[in-house]
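Undergrad: The listed protein sequences correspond, in order, to chains A and B. According to the working numbering, the first sequence is numbered sequentially starting from 1. According to the working numbering, the second sequence is numbered sequentially starting from 1.
FYI, nobody ran anything at the bench for these hints, they're computed from the structure. Where a beta carbon is used, it is the ideal one built from N, C-alpha and C, also for glycine. Heads up, a few of these hints could be off.
[Claimed, not checked] Calculated cross-link-like contacts (lysine-lysine; reagent style DSBU-like; alpha-carbon spacing at most 30 Å):
hint, chain 1, residue 1, chain 2, residue 2
1, B, Lys-44, A, Lys-673
2, A, Lys-654, B, Lys-88
3, A, Lys-532, A, Lys-518
[What the hints assert, rightly or not] Which chain A residues stay away from chain B? Per the calculated CB distances, all over 10 Å, these:
hint, residue
4, Glu-78
5, Cys-91
6, Gln-229
7, Ser-253
8, Ala-299
9, Asp-382
10, Pro-389
11, Tyr-537
12, Pro-564
13, Ala-592
14, Arg-599
15, Asn-644
16, Lys-662
17, Glu-678
18, Arg-699
Given next are the chains, with one letter for each unit.
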Amino acid sequence: MINRSQAAMNTLSRRRFLKISASTLLAAGVVGRATAALASATTREPKCVREVPTFCDICFWKCGAIASVRDGKLWKIEGNPADPLCRGRLCPRGTGGIGAHSDPDRLRTPLIRTNERGEEKWQAVTWDEALEYIAGKMQKIKAEHGPESMALFSHGIGGTFLKHTLKAYGTVNIAAPSFAQCRGPRDVGFRLTFGEDVGSPERTDIENAQCLVLIGSHLGENMHNTQVQEFATAVGRGASVIVVDPRFSVAASKAKFYLPIKPGTDLALVLAWMNVIVTEKLYDAAYVEEHGFGFDQFAASLTGYTPEWAYPETGIDPDTIRATAREMARYRPATLVHPGRHVNWNGDDAQRSRAIALLNALLGSWGRKGGFYTPSSMDMPDYPYPPYPKPAKPKVDNPDHKYPFAHEAITTGIRDATITGQPYPIKGWMVYATNLLHALPNEAETIRAIQQLDLLVVVDVIPSEIAGWADVVLPESTYLERHDELNVELFKDPFVALRQPVLDSPDDQKPNWWIAKKLAEKLGLGAFYPWKTIEEYLEHRVTEAGLDFAELKKKGIIRGPRQPIYFEEGAPAEFGTPSGKIEFYSPQLEKAGFDPVPRYTPPVAGPPGAFRLLFGRAPVHSFSRTHTNRLLSDMMDENAVWVNADIARRAGLKSGDTVRLKNQDGVLSNRVKVKATERIRPDCVYLVHGFGHTARGMRHAYGKGASDAQMITRYKTDPLMGGTAMNVNFVTLEAET
Amino acid sequence: MRYVMVIDTKRCVGCMDCVVACKTENNVPEGYNRDWITEEVRGKNPTLQMEIRSERCNHCDRPPCVYCCPTGASHIHEGGVVLVTHEKCIGCKACIAACPYDARFVHPEGYIDKCTFCIHRVEQGLKPACVSVCPTHCMHFGDLEDPQSEVARLLSSRAHHSLLPQTGCQPHVFYLT
Ligand code: SF4
Numbered sequence: 001m002i003n004r005s006q007a008a009m010n011t012l013s014r015r016r017f018l019k020i021s022a023s024t025l026l027a028a029g030v031v032g033r034a035t036a037a038l039a040s041a042t043t044r045e046p047k048c049v050r051e052v053p054t055f056c057d058i059c060f061w062k063c064g065a066i067a068s069v070r071d072g073k074l075w076k077i078e079g080n081p082a083d084p085l086c087r088g089r090l091c092p093r094g095t096g097g098i099g100a101h102s103d104p105d106r107l108r109t110p111l112i113r114t115n116e117r118g119e120e121k122w123q124a125v126t127w128d129e130a131l132e133y134i135a136g137k138m139q140k141i142k143a144e145h146g147p148e149s150m151a152l153f154s155h156g157i158g159g160t161f162l163k164h165t166l167k168a169y170g171t172v173n174i175a176a177p178s179f180a181q182c183r184g185p186r187d188v189g190f191r192l193t194f195g196e197d198v199g200s201p202e203r204t205d206i207e208n209a210q211c212l213v214l215i216g217s218h219l220g221e222n223m224h225n226t227q228v229q230e231f232a233t234a235v236g237r238g239a240s241v242i243v244v245d246p247r248f249s250v251a252a253s254k255a256k257f258y259l260p261i262k263p264g265t266d267l268a269l270v271l272a273w274m275n276v277i278v279t280e281k282l283y284d285a286a287y288v289e290e291h292g293f294g295f296d297q298f299a300a301s302l303t304g305y306t307p308e309w310a311y312p313e314t315g316i317d318p319d320t321i322r323a324t325a326r327e328m329a330r331y332r333p334a335t336l337v338h339p340g341r342h343v344n345w346n347g348d349d350a351q352r353s354r355a356i357a358l359l360n361a362l363l364g365s366w367g368r369k370g371g372f373y374t375p376s377s378m379d380m381p382d383y384p385y386p387p388y389p390k391p392a393k394p395k396v397d398n399p400d401h402k403y404p405f406a407h408e409a410i411t412t413g414i415r416d417a418t419i420t421g422q423p424y425p426i427k428g429w430m431v432y433a434t435n436l437l438h439a440l441p442n443e444a445e446t447i448r449a450i451q452q453l454d455l456l457v458v459v460d461v462i463p464s465e466i467a468g469w470a471d472v473v474l475p476e477s478t479y480l481e482r483h484d485e486l487n488v489e490l491f492k493d494p495f496v497a498l499r500q501p502v503l504d505s506p507d508d509q510k511p512n513w514w515i516a517k518k519l520a521e522k523l524g525l526g527a528f529y530p531w532k533t534i535e536e537y538l539e540h541r542v543t544e545a546g547l548d549f550a551e552l553k554k555k556g557i558i559r560g561p562r563q564p565i566y567f568e569e570g571a572p573a574e575f576g577t578p579s580g581k582i583e584f585y586s587p588q589l590e591k592a593g594f595d596p597v598p599r600y601t602p603p604v605a606g607p608p609g610a611f612r613l614l615f616g617r618a619p620v621h622s623f624s625r626t627h628t629n630r631l632l633s634d635m636m637d638e639n640a641v642w643v644n645a646d647i648a649r650r651a652g653l654k655s656g657d658t659v660r661l662k663n664q665d666g667v668l669s670n671r672v673k674v675k676a677t678e679r680i681r682p683d684c685v686y687l688v689h690g691f692g693h694t695a696r697g698m699r700h701a702y703g704k705g706a707s708d709a710q711m712i713t714r715y716k717t718d719p720l721m722g723g724t725a726m727n728v729n730f731v732t733l734e735a736e737t
Numbered sequence: 001m002r003y004v005m006v007i008d009t010k011r012c013v014g015c016m017d018c019v020v021a022c023k024t025e026n027n028v029p030e031g032y033n034r035d036w037i038t039e040e041v042r043g044k045n046p047t048l049q050m051e052i053r054s055e056r057c058n059h060c061d062r063p064p065c066v067y068c069c070p071t072g073a074s075h076i077h078e079g080g081v082v083l084v085t086h087e088k089c090i091g092c093k094a095c096i097a098a099c100p101y102d103a104r105f106v107h108p109e110g111y112i113d114k115c116t117f118c119i120h121r122v123e124q125g126l127k128p129a130c131v132s133v134c135p136t137h138c139m140h141f142g143d144l145e146d147p148q149s150e151v152a153r154l155l156s157s158r159a160h161h162s163l164l165p166q167t168g169c170q171p172h173v174f175y176l177t
């Protein structure tokens with residue numbers, strides 16, 4: 001966060017710079033020239049500016065953007081006004097995205113490991129050598145174990161072509177942390193209730209909400225662009241905002257009601273809210289009658305969950321619980337109880353998400369204006385590829401459907417199979433654009449799995465922690481230097497967006513599609529790539545959809561007509577559940593041996609004197625991927641551990657002091673500064689995720705701040721869908737001098 | 001004509017997009033920034049209030065930085081915008097000492113730098129980069145002397161404050177509350 005103290009810090013470096021320039025004659029000359037250049041830049045339009053429309057990749061929101069190149073150099077990137085996601089305005093990470101191109105720490109050439117795994121010692125090789133090596137190992141794995149023994153971990157749209165190559169090769173084991181480590185429980189909870197996911201971008205109609213309830217969702221710190229824009233619109237309009245968070249988030253500072261809940265007890269609060277709404281008959285009876293299934297059994301199950309019962313659990317007094325429940329009812333159906341995104345907290349996450357879905361159902365917000373709209377997308381036929389080979393073996397991540405409601409592959413399930421060799425061995429991992437050591441809980445398990453592998457390939461832009469363990473590292477071009485798959489989202493307004501290169505890669509980096517195609521050719525799978533150039537592929541898809549590729553190249557985005565998005569506008573009120581209704585009571589869950597209506601169990605308690613470790617996002621960073629981007633690190637280059645001001649005082653700590661965190665298993669963090677603040681409860685501490693890098697190649701970020709991932713040695717698995725809850729770790733603060 | 005900035009603290013989330021956009025637009029070097037975010041927290045947990053502000057040079061009507069500049073580099077441009085002519089600046093730092101807002105710094109190339117209200121954009125009919133980028137639409141820029149302007153209407157209809165008005169500098173960045 002840039003604040004006055006940072007401004008003071010900057011003064012120091014300003015002085016240092018001044019001394020350097022004053023002490024050399026050469027510098028004086030530089031001053032003259034650079035000043036003239038800058039003066040011209042500030043007084044008139046620069047001479048040669050080239051604009052290229054594309055879409056952002058600093059996070060998965062994929063906002064439409066226009067990059068400007070001035071006199072051959074990347075200058076800036078701005079939102080594309082034609083894009084319905086960003087509406088002409090990127091988030092800070094998107095605006096700072098150009099720093100990814102000039103990042104001095106980025107990977108430059110293909111690398112093959114020379115020492116032990118994890119020692120981060122490699123030899124630079126040519127692309128041909130690297131791909132030859134990988135193809136050789138993959139053929140060996142296929143011959144010895146079958147192609148299913150190769151797994152792909154991939155995050156984001158850039159993984160499309162590697163997925164294609166791996167499916168052509170014959171693997172079935174493809175996963176992303178975005179399910180079991182992030183939004184999976186939410187998607188399962190909503191599917192069980194409404195028969196449909198919330199999707200990404202979420203189908204939340206925040207801009208029209210009259211009442212917005214955020215449970216742990218820290219919009220404004222979490223910068224999913226459309227949501228933050230709509231949140232500001234709602235706040236500006238005077239919408240009633242209710243924020244539930246152990247931390248006084250930025251969103252909490254905009255709220256009419258702030259509920260500083262005891263961490264881990266959110267389900268108790270949601271149940272008590274529903275108790276009030278049902279008991280006081282505040283729900284949308286006509287909606288429930290028309291669309292609901294099993295309401296009576298559901299209502300009966302709530303009897304014991306009174307606000308008085310919830311008080312000692314949650315720390316929220318009964319009056320506040322009643323007042324907020326009535327507030328929600330007052331504005332229904334334009335009351336949106338936000339489903340959240342990263343929801344792997346306590347191990348009851350799918351059931352908690354289901355309770356949130358049910359609360360929305362009571363308020364009649366699903367399918368309604370100010371609630372959850374019905375999204376649509378452009379009709380873009382897939383490229384006509386040959387069919388993939390039939391797999392001989394099932395997926396490894398969820399044997400015997402142990403987690404019956406997982407509808408996507410479970411990363412940690414693949415990790416388990418890699419460690420145990422059961423149900424069959426996994427011998428190769430390809431990892432695309434996801435830093436598994438920061439994304440999966442318990443890094444020791446990830447490392448144990450890696451040690452079972454015959455091949456670990458990492459494709460990335462920066463030398464992340466997971467790259468440090470790779471046998472082969474492949475340097476990818478940044479999004480500003482490559483084409484990618486088309487972006488065709490389910491959203492309020494249908495559109496198709498094109499990513500196209502703004503300028504060349506500075507070194508020997510290559511785009512993912514090129515890597516995937518060349519690897520396929522090396523594997524003898526060239527027939528799966530009938531197209532010669534990526535433009536040929538893209539043009540084929542766009543033309544088949546009846547659109548003009550030249551227009552898409554020029555504008556970056558083509559929009560389709562908006563479809564009805566609310567039930568009242570004619571969006572179909574259909575529910576993909578077995579009953580075809582909103583399932584207040586879930587026979588599916590009952591049949592599988594789970595609670596058919598959500599039931600509360602208290603969260604695991606920590607050792608006495610320890611604080612529950614919570615983590616979240618900062619607006620200027622994405623995951624652990626942006627910390628060497630100099631524009632973004634300039635905004636925030638280390639995290640601090642948030643400690644309640646009274647607790648800090650009693651411990652003799654003040655803001656700026658250095659501590660290490662020690663978790664319940666004795667693991668010590670990097671050194672990290674204290675942020676003593678009123679903005680957090682006394683029973684927990686908070687870190688922004690993604691800091692505390694230990695990868696030596698990330699020189700600029702190395703050792704700055706602490707990594708929450710390192711402290712997350714424990715996790716609790718969601719019995720419904722295999723998600724790994726991570727807010728079950730506890731730390732103490734060890735003073736450092 | 002009197003240019004002002006009006007920033008709605010209700011909408012601002014402190015994301016620093018304004019800072020990043022300023023840096024790319026104006027080539028502000030690594031380690032420096034012309035604008036910044038301040039979070040002011042009041043109260044005791046859990047009864048708290050927080051005002052988040054995007055801050056910068058206040059383009060004062062009575063700018064001490066201009067008054068103390070020995071070479072005339074710091075000056076008042078059309079519309080009340082306070083600017084520094086780099087060629088005239090000798091880097092003496094008197095203005096840095098005089099500015100009550102800590103808005104100025106020594107650019108590595110030796111001259112004093114600070115927010116220009118993106119006058120190069122404004123003269124082309126664009127808004128300053130920070131205003132144009134803000135995803136929350138919390139920032140407004142325009143002519144206070146035009147009663148029809150958005151900024152004039154916002155200031156006449158909404159409660160607002162400015163920073164350190166007691167200095168008498170007459171700052172022209174306003175915060176809606
Ligand atoms: S939300 Fe921000 S980082 Fe994500 S795609 Fe949009 S501009 Fe880029």
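Undergrad: For each hint, tell me whether it holds in the structure or not.
TA: Going down the list of hints, with the structure as the test:
{"no.": "1", "hint": "Lys-44(B) / Lys-673(A)", "result": "holds (22 Å)"}
{"no.": "2", "hint": "Lys-654(A) / Lys-88(B)", "result": "violated (44 Å)"}
{"no.": "3", "hint": "Lys-532(A) / Lys-518(A)", "result": "holds (11 Å)"}
{"no.": "4", "hint": "Glu-78", "result": "violated (7 Å)"}
{"no.": "5", "hint": "Cys-91", "result": "violated (6 Å)"}
{"no.": "6", "hint": "Gln-229", "result": "violated (5 Å)"}
{"no.": "7", "hint": "Ser-253", "result": "violated (4 Å)"}
{"no.": "8", "hint": "Ala-299", "result": "holds (32 Å)"}
{"no.": "9", "hint": "Asp-382", "result": "holds (33 Å)"}
{"no.": "10", "hint": "Pro-389", "result": "holds (45 Å)"}
{"no.": "11", "hint": "Tyr-537", "result": "holds (32 Å)"}
{"no.": "12", "hint": "Pro-564", "result": "holds (27 Å)"}
{"no.": "13", "hint": "Ala-592", "result": "holds (39 Å)"}
{"no.": "14", "hint": "Arg-599", "result": "holds (28 Å)"}
{"no.": "15", "hint": "Asn-644", "result": "violated (6 Å)"}
{"no.": "16", "hint": "Lys-662", "result": "holds (24 Å)"}
{"no.": "17", "hint": "Glu-678", "result": "violated (4 Å)"}
{"no.": "18", "hint": "Arg-699", "result": "holds (14 Å)"}
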